[in-house]
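Take a look at the letters that make up each chain.
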Amino acid sequence: MQTHKPSASKASDRPAGREGEAPSGYAGGGGDASPYKRMKAIEIRHLKKTFNEKTVLENLTLDVEEGEVFGMLGPNGAGKTTTIRTILTLLKPSEGQVKVWGHDVETQPREVRQVLGYVPQEKAVDRFLTGREHLTLVADLYHLGKTEARKRIREVLELVDLTQKADDLVNSYSGGMKKKLDIACGLIPDPKVLVLDEPTLGLDVESRIRIWEYIRRLQHAGLTTLMTTNYLDEADQLCDRIAILDRGRLVALGTPEGLKKGLGGDRVTIQFGPQQDRLEELAGSLRKELPFVNEIKVSPASHELEIRVTSNEEALAPLIQAIHQHRHPILAIQYSRPTLEDVFITYTGHKIKEDSALL
Amino acid sequence: MKWILQETIALTMRSVRRLSRERISMVFGLIQPMLFWLILFGNLFQKTAQIPNYISFLTGGVVAMTVLNSGLSGGVDLLFDKESGFLERLLSAPISRNSLIYSRFIFVMGITSAQILMILLVAYILFGVYPLSGLAGLAFILVVGLFFGLGLIAISMTLAFAIKGHGNFFALMGFLTLPLIFLSSALVPVQYMPGWMGFLAQFNPMTYAVDAVRSIILGGWLWTDILKLLAILLVFDVVSIWASSRVFLRQLG
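Chains as they are written, first to last, in the numbering used here: chain A, 22 to 380; chain B, 342 to 594.
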């Protein structure tokens, strides 16, 4: 099994936390610590965690850059929640070091808590409080002053579209609304880094899309986000970079695009008629003639060529033309781009949902 | 310091708001001890008891029992917060861990004090039980309740943390409560108990809480007795708070 994929760790080019922009509204933007150079929002070095001699996290090293949406992807039991809880100072590392915004989680837990906003996995809301009372409680726990708290609560309620329902008991909220309130609570302290544990687990499609939209909007305002997910499409759509964890180990790290490209490009599967017996020969000439072909696998039994091309549909037309020139009639052709699912299977050897019975 | 105050007030207000929305549980919480113990149990045993005014005698016991019940369930909210993940949210905030504990003490002792006053009021109206030490005695009864309650809440919160699942927690509480009541002077004076029960009752902090309240109601200002009993309760507090803080520190970091 491979470890980190160096070719894939290309920095993102999304408008993430540009220093020149005045980050207004929902995030402090982290301008005050070092205004000109990007700092590491979270640094994890050789993190190991064992519970009763069972290792749940082994030698994890990764950085979350300021302004990015960073996703931790993996099945249940991969070590995502353990990592999150360590970052939140709720667990102590067995070995290694974790720093959040430059503060060590072990020696400066209070400073770490002050810069983090946390949205737990369960809908951790008190059903006997109203939405506004929740937010007021959280504001007090982060020591906001009265006027500041009121202003913040108004802003955050607006962001998650809960202004209308703010004074209703949480008991009457739908699942999606509870999650929105959860996110609102995480945003109250105006955090440098927002930590979301499975933000859309168990939500309906509409709420999921809504929550993705908030996360994007917050990113534009300069907020750094660390999230866990076991939805591959979510990681693909939202995250600038992802870390794939499996059984307590980091198995891949990079941008979704980079990871997909790292698999060797898009795949063209071409099926020929049974009378074709010169496939090896054809493969050889295609390799020679076409620069965009990375790799060709020949399956004589099924009369198939599996061709990896540089991820670009433009490869398709020249490819067909070349095959045509070699007088090989094509029976069927299939073109597919690698998905994160492919990436996941390549690195872990299994599907993501395999051992997550809860889904 | 200012922060601890802000945190503690916010957390206490949360409990108050919750309670105000669970009116039924509030009403029954107030009525239960006096209805069950004072009115039903008291009247039932008035005739058979060899104590002249059994209900006056029992009032001290009922006060202590109320503190026992409230105190031992003082950790329940924490337990549910733990299970719902709300505690995780609280602990990930930059708050002093003590604020969580202070707010529980304040809230539970506030409720318990209200219950005690209700019991004493009903005992006065229905049975004419009036503390010999007068209104100042009333305040002192609350102090005794506070001393007894403090240690109980600490124990309850510790168990809420240490025990897995609320089913186990309630099973243990149910198991503990009645023996603690019967092995104390709440219902019968220690000298009337079978020898071994009287022996065990000496180690039950409940006995000292009951004796202190009873002394204030029936005996007036017997300072040496009262102070001695309060000192014993104080030892109970110190021991249970010390033990709890060790468990807490291990769990909360």
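The hints are simulated quantities; they were obtained by calculation from the structure and are not laboratory data.
Hints should not be assumed to be uniformly reliable.
Some chain A residues near chain B, calculated using beta-carbon distances under 7 Å [claimed, not checked]:
(1) M60
(2) S115
(3) A145
Pairs of lysine-lysine residues, derived as DSS-like cross-links and limited to a Cα-Cα distance of at most 30 Å, are as follows [stated by the list, open to error]:
(4) K505(B) to K199(A)
(5) K69(A) to K120(A)
(6) K69(A) to K505(B)
(7) K167(A) to K505(B)
(8) K388(B) to K113(A)
C-beta: ideal position from N, C-alpha, C; glycine also.
Hints and how they fare:
Taking 7 Å as the C-beta cut-off, the interface hint given for M60(A) is violated, the closest approach to chain B being about 20 Å. Checking S115(A) against chain B: minimum C-beta separation of about 13 Å lies over 7 Å; hint violated. Given the 7 Å rule on beta carbons, the hint for A145(A) holds: about 4 Å separates it from the nearest Cβ of chain B. A threshold of 30 Å between alpha carbons decides the hint, and for K505(B) with K199(A) the separation of about 26 Å falls inside it, so the pair holds.
Between K69(A) and K120(A) the CA atoms are separated by roughly 14 Å; this keeps the pair inside 30 Å, and the hint holds. Restraint check for K69(A) and K505(B): satisfied, since their Cα atoms lie roughly 25 Å apart, inside the 30 Å limit. At most 30 Å may separate the alpha-carbon atoms for a hinted pair to count; K167(A) and K505(B) exceed this at roughly 38 Å. Between the alpha carbons of K388(B) and K113(A) the distance comes to roughly 62 Å, so the proposed pair goes past 30 Å and is violated.
The structure is inconsistent with the numbered hints 1, 2, 7, 8, although it conforms to all the rest.
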